[in-house]
Amino acid sequence: MPNMSLKKVAMPEQAPDVRNKNFQEVALGYTAEMAIEEAQRCLGCKNMPCVAGCPVGVRIPEFITQCAAGEFEQAYQTIKSTNALPAVCGRVCPQETQCEALCVRGKKGEPVAIGSLERFVADWYMANTVEKCVRPASNGRKVAIIGAGPAGLSCAGALARLGYAVTIFEAFHLAGGVLVYGIPEFRLPKAIVRKEIDSLREMGVKVENNMLIGKVLSVDELFASGFEAVFIGAGAGLPSFMDIEGETLLGIYSANEYLTRINLMRAYDDAYDTPLLRHRRAAVVGGGNVAMDAARCAKRLGAEDVYIVYRRSLTELPARAEEVHHAKEEGVIFKLLNNPVRILGNDKRMVTGIECVEMGLGEPDASGRRRPVVIEGSNFELAVDAVIMAIGTSPNPLLSRTTNGLDVNKRGCIVADEETMQTSRAGVYAGGDAVTGAATVILAMGAGKTAAASIDRYLQGMI
Amino acid sequence: MDWKQTGNERLATAEQPVTPTHIVDAVAANEGRYTIVDKKLLNDTVTLMEVSAPLIAKKAEPGQFIIFRVDECGERIPLTIADFDREKGTVTIIYQHVGRSTKMLNQLEVGDAIHDFAGPLGSASHLEGIRRACIVGGGVGCAIAYPQTKALHRMGARVDIIAGFRSKDIVILEKEMRDVCENLYLTTDDGSYGEKGFVTDKLSSLIEAGDGYDTVIAIGPVVMMKFVCKVTEAANIPTIVSLNPIMIDGTGMCGGCRVTVDGKMKFACVDGPDFDGHKVDFDELMARNSIYSEQEKDHTCRLIGGAAGA
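If you read the protein sequences in the order shown, they are chains A and B.
The numbering used here applies: residue 1 is where the first sequence begins, and numbers increase by one.
The numbering used here applies: residue 1 is where the second sequence begins, and numbers increase by one.
Hint data in this document are derived by calculation from the structure and do not stem from the laboratory.
Source: prediction; values computed, not measured.
Watch out, some of these pointers could steer you wrong.
[To be verified] List time: in silico DSSO-like cross-link candidates among lysine-lysine, alpha-carbon distance up to 27 Å:
no., chain 1, residue 1, chain 2, residue 2
1, A, 299, A, 335
2, A, 142, B, 59
3, A, 410, B, 266
4, B, 264, A, 410
5, B, 226, A, 348
6, B, 279, A, 348
7, A, 348, B, 264
8, B, 59, A, 206
9, B, 103, B, 168
[Stated by the list, open to error] Here are the computed distance ranges between Cβ atoms for each label pair:
no., chain 1, residue 1, chain 2, residue 2, range
10, A, 241, B, 175, 41 to 47 Å
11, A, 412, B, 205, 45 to 51 Å
12, B, 124, A, 405, 20 to 26 Å
Idealized CB from N, CA, C, for every residue including glycine.
Same shape as in the complex, but just chain A (with noise of 0.2 Å):
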């Protein structure tokens, strides 16, 4: 007999006014208990609604049933079989809009906390589990994959079970990309993701970090050294800035720099040299997660005052709900239908301020959204010493470039088949946001995996 309960078991966290002094996670995850609990109010419906919300088709309720019987480690081999990376999937996946948008329990009352779960069967794996990795067999082939991001790593992971050689090669001096610089310690444990990655090379994934592909090998050179197929996961590229007047002014930051000082370069932990300006009121605009991060950052570094300023409604802010709940909990102020039309700043070149206007909703524009409009003479000043730019960021080209025969499209990402995830040059395949522009870590993973099955199916002359 089901759990009939209209609610979740509620997670533990941290308390607001505690958490948003550190970088410690804020939700504590469940306890086994409270998993058997939440697990029993899954249906195990037939037609598994909830499984088309996911991209990369997790075996829900197959995976919870086992869950609420006790059996964590069959619920993991369950997860693991399609999904790369669970313990960052239960953290960041946007299961509101995917898999829980689906629950039949959601119609009355709130879905099963499928995230939830998923998280609490893979921590309890890597707590209770000494890993027993069984290398596959290997094929002899070898397939390089550009980017240590998680489209990247959920390719290089479903490559490696079908026995090939994988060589990633990561940019930066770590890999994980947006795992490790963009998203927070506290919504996602580096330890976590570190894990992750160390499961990848025991199933033989080498990993060369400080290998900017373009600049020290091209594509062309990976070819001619033996790689047969090539997948592109170099991530979202460059930082886009408002153009506005005054974004020169110091103490502007994109979230990509703020945040990468703060994640991958550990600027609040002083064991490490990073520097970063302590500063006291700061805006942040932009309304995704991205935004979401570096806010919930700036009030962890001491900012009395931090602002959302997000040119649309509440309806409308992408970020997902679980984060826009915590950052209001921890005293993130929303200035929603606020727009900034220039940065102000003193004769040092300081930021001191950003002037705004309000604006109201129109008719949906090509997004579906209601388009923002401004509303004429309702310009107002903020008085802010820090303005973090988290509104996108738009295509690297070092790629495109530097690859003969890789089409791009006219935003310049990368053009790949939706199906297979193939680019216009044979052997080489791209996705996540490369191949989309900034999108989420489940989606980037998803393409991850279906390049790797087209690889698969490249390598063994079947296409």
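Let chain A serve as the given structure and place chain B on it in line with the hints.
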């Protein structure tokens, strides 16, 4: 480069053919270890290091840079490639030990390995078509200008160098520079060596004397580049500068190195580091470069064991 060629065709016709096995061997042999094979103190505060980095050495061009990290907790610091040897598989860097990271780097000796060493980054200098050039180097900037000078010299251009230093005791690379130019003009601020005065004074007098430079390349402190550009702008001589803004990733991801050139935002790590000096907003660059100077002082105090600034 012919984009219609296939990769293999291009490799076959490339000036420096990349042997496929060589790539694999180099990766395997290197194993991410960037060993210091030579270290020379050029003056009290400037050191030359030759580092084993075969893949970078194979691709490096004048004007490009590397990013190093000295240890697990270190910053990512960009340094211009001062020289490279494709045969030996080494890259030479010349750095002034002023900040925490360069001081830590300087504690490493021959045989030690640098934790991370990534490159070649940035766009190579565009030197084609230059026939008569004046290279203006200030202090350690002379080291940064050296590979361009050498390349121009090899390409058959006539090159003069104006190398400015504060005083005689910090003069570096005198012989190396002399070997790759027609005339080397040394200046010191205090007159203890060469001519007394600033590089701009010397440049003005050479231009007035009608030396017919078609290009000036200025590399040194930002303020020096700014004033060199004032001189050359008045004389209408195209001027290339190499910028050194604060940088994190060096691959076009963070935007920290943005500079304003011709009123537009450029990223020094991908669009540069070379830019048209007449269009660079030097005052903005100076302000951006000084943003962490207080924190840097504190760090340096801790490093040398003095009282921390806090």
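Results for each hint:
1. A:299 / A:335: holds, 16 Å
2. A:142 / B:59: Status holds; Cα separation ~23 Å.
3. A:410 / B:266: Roughly 20 Å separates the two Cα atoms, so the pair holds.
4. B:264 / A:410: Roughly 21 Å between the alpha carbons, so the hint for residue 264 of chain B and residue 410 of chain A holds.
5. B:226 / A:348: Since the Cα atoms of residue 226 of chain B and residue 348 of chain A sit roughly 19 Å apart, the hinted pair holds (cutoff 27 Å).
6. B:279 / A:348: Judged against 27 Å, a Cα distance of about 22 Å means the pair holds.
7. A:348 / B:264: holds, 21 Å
8. B:59 / A:206: Distance ~23 Å between residue 59 of chain B and residue 206 of chain A Cα, so the pair holds.
9. B:103 / B:168: Holds, because 23 Å separates the two Cα atoms, which is no more than 27 Å.
10. A:241 / B:175: 41 to 47 Å: Since residue 241 of chain A and residue 175 of chain B have Cβ atoms about 46 Å apart, the given range 41 to 47 Å holds.
11. A:412 / B:205: 45 to 51 Å: Holds - the Cβ-Cβ distance for residue 412 of chain A and residue 205 of chain B, about 48 Å, lies within 45 to 51 Å.
12. B:124 / A:405: 20 to 26 Å: holds, 23 Å
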